[in-house]
Amino acid sequence: AQSVTQLDSHVSVSEGTPVLLRCNYSSSYSPSLFWYVQHPNKGLQLLLKYTSAATLVKGINGFEAEFKKSETSFHLTKPSAHMSDAAEYFCVVSEGRGSTLGRLYFGRGTQLTVWP
Amino acid sequence: DAGVTQSPTHLIKTRGQQVTLRCSPKSGHDTVSWYQQALGQGPQFIFQYYEEEERQRGNFPDRFSGHQFPNYSSELNVNALLLGDSALYLCASSLNQGNIPGELFFGEGSRLTVL
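Taken in sequence, the protein lines are chains D and B.
Mapping to the numbering used here: the first sequence position 16 is 16, numbers consecutive.
So the number in the numbering used here is just where the residue sits in the second sequence, counting from 1, plus 1000.
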């Protein structure tokens, strides 16, 4: 079974300081992992994805994540937070390829607040 | 290029009623998935349609049903509404590429309130 645990429901940082959003996953298969962002009253937007290529994945808006199989983690980081980064972030696992692709398992989300 | 569009954006129903939500996928996409996002929770998979057939289904009762049309658009129907069905319903489209993981594009959702 696939599941995702986001270790923090809320994270607050000051603008210009680093961001760390933590995620652990459980998967019976070789997983695909994603981070999505959801701004208020907006749809979910893909930040980045890991699909068994390079373990350090770079995404949009300066975000990156590192896949660590030994720790079953996929933490999201950004060197310097911006006010526009304030949003809800979801760590997501997908078990499969082909016909099973599209069934995503979402974490409960981490609300990121950025203080000026 | 229009992304994923959903309608209506907001609606209010009473218990026992039925609702139909609609989704038009991103141009060129052939697969539509539906998710339910309760307040304060992550989205949960309802089902996925490809080639006008339900290909996968999550842990939702039969009151939740869907349809995909030849133009790849899709509908989500919920019968006998319960208070607990109040949520944001998200549609996501993708292109079936066999074993290559593709990206899901999400619409902004339909917010259903059941009174």
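Just so you know, the hints here were simulated from the structure itself, not pulled from any lab data.
Hints are supplied without guarantee of correctness; some may be wrong.
[Said to hold, decoys possible] Lysine to aspartate or glutamate pairs mimicking EDC-like chemistry, simulated, CA-CA at most 16 Å apart:
1) D:49 x D:66
2) D:42 x D:85
3) D:42 x B:1054
4) D:49 x B:1108
5) D:58 x D:71
6) D:42 x D:71
Evaluation of the provided hints:
1. D:49 x D:66: Answer holds: residue 49 of chain D to residue 66 of chain D is near 10 Å, not above 16 Å.
2. D:42 x D:85: Status holds; Cα separation ~14 Å.
3. D:42 x B:1054: violated, 27 Å
4. D:49 x B:1108: Answer violated: residue 49 of chain D to residue 1108 of chain B is near 21 Å, above 16 Å.
5. D:58 x D:71: violated, 20 Å
6. D:42 x D:71: violated, 32 Å
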